[in-house]
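Engineer: Chains as they are written, first to last, in my numbering: chain E, 8 to 393; chain F, 8 to 393; chain D, 8 to 393; chain C, 8 to 393.
Honestly, the hints are just simulated from the structure, not real lab data.
Be careful, since some hints might not be right.
Identical chains share a label here; the pair holds if one copy fits it or two copies do between them.
As the list claims (entries may be wrong) - In the BS3-like style, the derived pairs of lysine-lysine whose C-alpha atoms are separated by at most 27 angstroms in a straight line are:
hint, residue 1, residue 2
1, Lys338, Lys301
2, Lys301, Lys339
3, Lys66, Lys350
4, Lys30, Lys75
5, Lys393, Lys210
6, Lys367, Lys169
7, Lys339, Lys393
8, Lys144, Lys350
9, Lys75, Lys169
10, Lys210, Lys338
11, Lys144, Lys66
12, Lys319, Lys275
13, Lys350, Lys255
14, Lys319, Lys393
15, Lys275, Lys75
16, Lys350, Lys301
17, Lys350, Lys393
18, Lys169, Lys268
19, Lys367, Lys275
20, Lys338, Lys220
21, Lys134, Lys66
22, Lys75, Lys278
23, Lys393, Lys338
24, Lys319, Lys367
All of these numbers come straight from a predicted model, not from anything done at the bench.
There are 4 protein chains.
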Amino acid sequence: MLLTETIVDSFIDTRRETEIRCKPLQTEDYVVQPIEDVSPPKWHLGHTTWFFEEFLLQKFSPNYVPYKADFSFVFNSYYESVGKRVIRANRGNLSRPSVSEIYEYRAYVTDKIIHLFSGQTTEEMNKLLEIGIHHEKQHQELLLTDIKFILGNNPLFPVYSKDYEENPIVNPTPEWVRISEGLYPIGHRGNDFCFDNELGSHKVFLTSFQISKVLVTNSEFIEFIEDGGYTSFNYWHAEGWDWVSKQKIDAPLYWYIIDGKWHHYTLKGFKEVAPNHPITHLSYYEAFAYAQWKGFRLPTEFEWEVAQNQFKWGQRWEWTESAYLPYPNYKKAEGALGEYNGKFMVNQKVLRGGSIATPKEHTRPTYRNFFHPTLRWQYTGLRLAK
Amino acid sequence: MLLTETIVDSFIDTRRETEIRCKPLQTEDYVVQPIEDVSPPKWHLGHTTWFFEEFLLQKFSPNYVPYKADFSFVFNSYYESVGKRVIRANRGNLSRPSVSEIYEYRAYVTDKIIHLFSGQTTEEMNKLLEIGIHHEKQHQELLLTDIKFILGNNPLFPVYSKDYEENPIVNPTPEWVRISEGLYPIGHRGNDFCFDNELGSHKVFLTSFQISKVLVTNSEFIEFIEDGGYTSFNYWHAEGWDWVSKQKIDAPLYWYIIDGKWHHYTLKGFKEVAPNHPITHLSYYEAFAYAQWKGFRLPTEFEWEVAQNQFKWGQRWEWTESAYLPYPNYKKAEGALGEYNGKFMVNQKVLRGGSIATPKEHTRPTYRNFFHPTLRWQYTGLRLAK
Amino acid sequence: MLLTETIVDSFIDTRRETEIRCKPLQTEDYVVQPIEDVSPPKWHLGHTTWFFEEFLLQKFSPNYVPYKADFSFVFNSYYESVGKRVIRANRGNLSRPSVSEIYEYRAYVTDKIIHLFSGQTTEEMNKLLEIGIHHEKQHQELLLTDIKFILGNNPLFPVYSKDYEENPIVNPTPEWVRISEGLYPIGHRGNDFCFDNELGSHKVFLTSFQISKVLVTNSEFIEFIEDGGYTSFNYWHAEGWDWVSKQKIDAPLYWYIIDGKWHHYTLKGFKEVAPNHPITHLSYYEAFAYAQWKGFRLPTEFEWEVAQNQFKWGQRWEWTESAYLPYPNYKKAEGALGEYNGKFMVNQKVLRGGSIATPKEHTRPTYRNFFHPTLRWQYTGLRLAK
Amino acid sequence: MLLTETIVDSFIDTRRETEIRCKPLQTEDYVVQPIEDVSPPKWHLGHTTWFFEEFLLQKFSPNYVPYKADFSFVFNSYYESVGKRVIRANRGNLSRPSVSEIYEYRAYVTDKIIHLFSGQTTEEMNKLLEIGIHHEKQHQELLLTDIKFILGNNPLFPVYSKDYEENPIVNPTPEWVRISEGLYPIGHRGNDFCFDNELGSHKVFLTSFQISKVLVTNSEFIEFIEDGGYTSFNYWHAEGWDWVSKQKIDAPLYWYIIDGKWHHYTLKGFKEVAPNHPITHLSYYEAFAYAQWKGFRLPTEFEWEVAQNQFKWGQRWEWTESAYLPYPNYKKAEGALGEYNGKFMVNQKVLRGGSIATPKEHTRPTYRNFFHPTLRWQYTGLRLAK
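Take the sequences, apply the hints, and build the full model.
Structural biologist: Below is the structure:
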């Protein structure tokens, strides 16, 4: 557990970073929700604020007056235990509260939290504040990927900002890491912050395996496309094939052919695809099909965790073959916070790593990200194993 | 045909009135599209402007430089002949062009039109300008009803403006107008502007009938509700009953019971329902069911047109029993403008009258409005016949 | 009103004819429901029987014991007033009651009706029996078109029977009938049986018009196809165009190109399309688009009725431009029978004429058939007007 | 590998057993498909036959004449590599081929197989025949559960047969089996038949755990219902809760309250629910929610496999917490048979055990059954772990 002072500093930094990420937005960009998975930026701003109001100010700040009573209804997301929520698909239909009002709401709550923590604090309060900070950091990542989706699906394809370099590294020479059979420890140890789904440190027995030191690149994936990868059902899961066929998928998200060359939308605008950069914006189904086509497979999350100190990671979330399931002795937290992770442990795949959208200090070797196998709007790529 | 000067004056007034209607909006309100039938206000602003650019400036203004090339793609609505349009359901996903950019676009096009018409004009140009003005007036009405829907479906129920009185009249004492059997003229005569669907003046033979001098009121409709009108299938069309059952309809749009009394959302905010004001925001199915329950029927559009000079109208669109069909000798206009009316002549019901949202000079005894029988977000009520 | 004896004879003939139509069926063919509009043949057999049980035996036959209590639940169709019905889309999921049991049910009810009418009858009873007969005759037509759909959508395309000649006539030389402006009587007169929607004999005023003596032929329609009729939106209603695009319609129902020639499925099996036979299995949208392309229009139902004694009809249902609406002074029958027609008077188009599936004596100049504008599994064609 | 003779005996027995299971069916019952997951019995009869024709007769029987060329189109299921299949949801729309024709097809193919194997055989042929037998045995189980669904969703609720006792055992006294931490072998060993998903025998490290000797009973589950289990979101996965809410689930499949007591449909007809019999027809979501409510959890498939020799099983498929994933070193078979298992390894949960519908010799300690978490029409229950 950190000192209160350190946590409050982190709180202030986090609140500021969220707003920095939104700076290049025009007011209108804050409002829309082109698909259900993507939330309007203003909702992220409000929802992360509501979290502090609901779980800290309402509980520990005597005589706290909520900024506005009905915001709790508008900015609650999936916490069924707290109150009737606005249905997720409906977020993009709400023009009010306005963006400026939400910024006022943020300032109000930030201020009240700082004031609350300048007094006597308890371990429970510190812990809740820490969770709230990490909750907001998770939304910082979503903010950036949601903004990319909002602008990348507008026929005008506006440039967002020159500050976000989506392809920071050129791949080094491919090489395999070998790990021998044995019992290995898995899960979070130590006192640093982690989510409940990383706890329950335990051992797994792994058969010997090899895992690539590098991520699959754009040029490698273009080979797959050109070899008919998207039209050969035998590389695909049955449900993956249905998805490809019904949605008419034939390239990664944001990819278009212009004058015979592959281009993609980035936060800096339209660019030609760079051959030796890691591929991104793939669904699990595409990552799996690529590995099948190549004659390899995806690593499990356990293989990844065991081998991760032997390769570079953190530029792309990496799909693993593992389903998102509880670790042995998993315990979900009491109360509304218990809804945080455990309720999603079905029909999702684990991703490991991190991306250029991931806030600093917000990924680690044991961090378990998870998404449905069709989703592609995160920065998602793959690493091969055999 | 009016003088060019008069038309240009009318053009300027119309452009101004559109913007006046939007004045109380916050930027965010311009963007959202809660249901497919409702368009974002900024789309209305752009689309009405695009119409002048496409059908006048591009054709008659030599060397005209469009404000932005891709606006034609964004602001085209249903004119399939002009270019691939943004799918209607997708309008609320477009944060760009921004509101301020659209206002600049409006100013640019308004200016260019004024300049074009300060030179030599032709009858064709005058006619197209007149159509564009009336097109924009139609969108003025939609603007107000769409704004009401956007705000009225927000859980914060914001007040829009104190300027719009939705219930301008108290009903006079009920009375029936008697019309005797005979041949009557129907359709537009004279040289004033009208839409192509009003043309083809012709005669219809009407059996004798009676039509009410007054519209059905809120208190009368509440009797219907309290008598189980919404739960008795025998008052309803089969498709109306399916609609009521699946959509769980049990009151007019915007109606809620608060503390045991009926309230409704208006542009001035939440109000208690006034008993002797005309009922509004009904679907055709509800209007029909009410008439069945009362033992009467809806008038046909012909009965309405023949009798209309014997009662007051214009506060509410009135559902008629008539399907929206071409008059004898109906001719649709050549080219893209020909898509304007004729292509909708199936599965829709005619409404006659006008509403508080209808621009002045934009309704007349022969005006034929039309909507699908389930729609309720317009100011729609009913008058009985027998 | 006919003599009881004559009605009972007609009843017996009708019951027999229904079963004759089903004779070539295999047991399995009685069960399936490939689309919601098509009912399983065994449902038709049971439903027409249930009608007599429900509206005659239950009411007028003292101590009548229903064949089986729960059949009323299974075989009720849309008569909401009588009891909870099996949802229409679900009929093809019911393997029981078995076909043989339904034939027993038919025999049982037929017998009880004959017995009931061998005693004292009332005018009400006679009238209800007559309606039941006509109800069953309507289902005879549906039986044949539903059977065609069931077999015509099976990849094995089985021959149904050599007895049904779908193309009985070769078109005579085209010629126009001219009708001059004037007041004409419309609707059923006299004491013969008719449905309530034909009643309310009244006058309509018609502008002068011409109507073709012949139906549009296959070869004429092939010209429309080859001229790109299905891919030119300007011939279509907006909703027709959506339908064509979403359903990927590019030819009449049952049409396929084999070895470069148009073939179609008929009750006699696959046949090459005969050029000078009337086109059939068109939706209203296709009929309308054809007329637009040809530069003509569809007649209204009133024009058709006024002109019908000057041309041959009865081989094909003919789409008209008229919406299905009540005639002036339309009164729907009391009780459950009142649900028969009036509740469908919205969103449907009137067809006039008759087809090879129509039972003898079951069409007449005033008969108003009606279907939704997308439906094509009936024998539906068109006649031009101008 | 078994002797050819033994395999052929097993083939003959299997073919016979399939038909025995269908004996109580009426012809109509063979045809319908009330939901997509349930196939018409006649399809099962044809599809299992087609498998032998496609993978053995077509390949190894020189001059083999297929019974009918287009049956391959009709009876192919999901093997995309073999040819265009009839879409799964469409199976219940096919009245032809008739039931008797399919029985002839069965006899023809059975005969040809026996003849083929009376000559020289190869190991490959034996192996394919064995797979075909096990494939048909899997369909035997589906046949019974599909028949139950077809009859159990008919409003007449017919009795199928007195021969199938769905509740063969009364639960013994509850007791926990304790397994201590350690490395345990998982997967199939030896030369007996198994599916490819059981291969790749390997070790897993298990934390110590306890698993119940008995299945959860009806009376225990009724406690869950009565305690509001179906209306408390906190016991459910987020997707489980959506499913319960949208589908309005409030009891196991086939359960109805009659006169205040729980009854359920069985193959012997309607019965009162017996309190101390194992609960069945639960989805994974319900099984998980029950375990949450009880304060325990579901076992993993590995825990189950390690502990299974210490309790009785085989009366009910048991949901486990494990996702259906490939074992380390999993290799999918070459060619069309490779589509058999691997392509389903996403979004499904593993079930272990067996049921009264499982053919004898067709379950074993390493057998991995799998279904989507919403499915309930199999005989599915649960065993608790902690």
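Engineer: Compare the structure with each hint and give your call.
Structural biologist: Hints, verified against the model:
1. Lys338 - Lys301: Close across copies (14 angstroms), not inside one copy (39 angstroms); limit 27 angstroms.
2. Lys301 - Lys339: between (39 angstroms within a copy, 15 angstroms between copies)
3. Lys66 - Lys350: Within one copy only: 24 angstroms inside a chain, 49 angstroms across chains, cut-off 27 angstroms.
4. Lys30 - Lys75: both (25 angstroms within a copy, 25 angstroms between copies)
5. Lys393 - Lys210: Close inside one copy (21 angstroms) and across copies (18 angstroms); limit 27 angstroms.
6. Lys367 - Lys169: within (19 angstroms within a copy, 50 angstroms between copies)
7. Lys339 - Lys393: Cα proximity of Lys339 and Lys393: across copies only (15 angstroms, versus 34 angstroms in one copy).
8. Lys144 - Lys350: within (20 angstroms within a copy, 36 angstroms between copies)
9. Lys75 - Lys169: between (36 angstroms within a copy, 24 angstroms between copies)
10. Lys210 - Lys338: both (17 angstroms within a copy, 26 angstroms between copies)
11. Lys144 - Lys66: Close inside one copy (22 angstroms), not across copies (54 angstroms); limit 27 angstroms.
12. Lys319 - Lys275: within (25 angstroms within a copy, 60 angstroms between copies)
13. Lys350 - Lys255: between (31 angstroms within a copy, 19 angstroms between copies)
14. Lys319 - Lys393: Answer is within; shortest intra-copy Cα gap is 18 angstroms, inter-copy 38 angstroms.
15. Lys275 - Lys75: Intra 37 angstroms, inter 21 angstroms, cutoff 27 angstroms: inter-copy only.
16. Lys350 - Lys301: So Lys350 and Lys301 pass the 27 angstroms test across copies only (17 angstroms; inside, 35 angstroms).
17. Lys350 - Lys393: between (32 angstroms within a copy, 18 angstroms between copies)
18. Lys169 - Lys268: within (23 angstroms within a copy, 56 angstroms between copies)
19. Lys367 - Lys275: within (21 angstroms within a copy, 48 angstroms between copies)
20. Lys338 - Lys220: between (34 angstroms within a copy, 24 angstroms between copies)
21. Lys134 - Lys66: within (14 angstroms within a copy, 67 angstroms between copies)
22. Lys75 - Lys278: Answer is between; shortest inter-copy Cα gap is 22 angstroms, intra-copy 44 angstroms.
23. Lys393 - Lys338: between (33 angstroms within a copy, 12 angstroms between copies)
24. Lys319 - Lys367: Result: close within a single copy only, 16 angstroms intra versus 52 angstroms inter.
Checked against the numbered hints given earlier, the structure satisfies every one of them.
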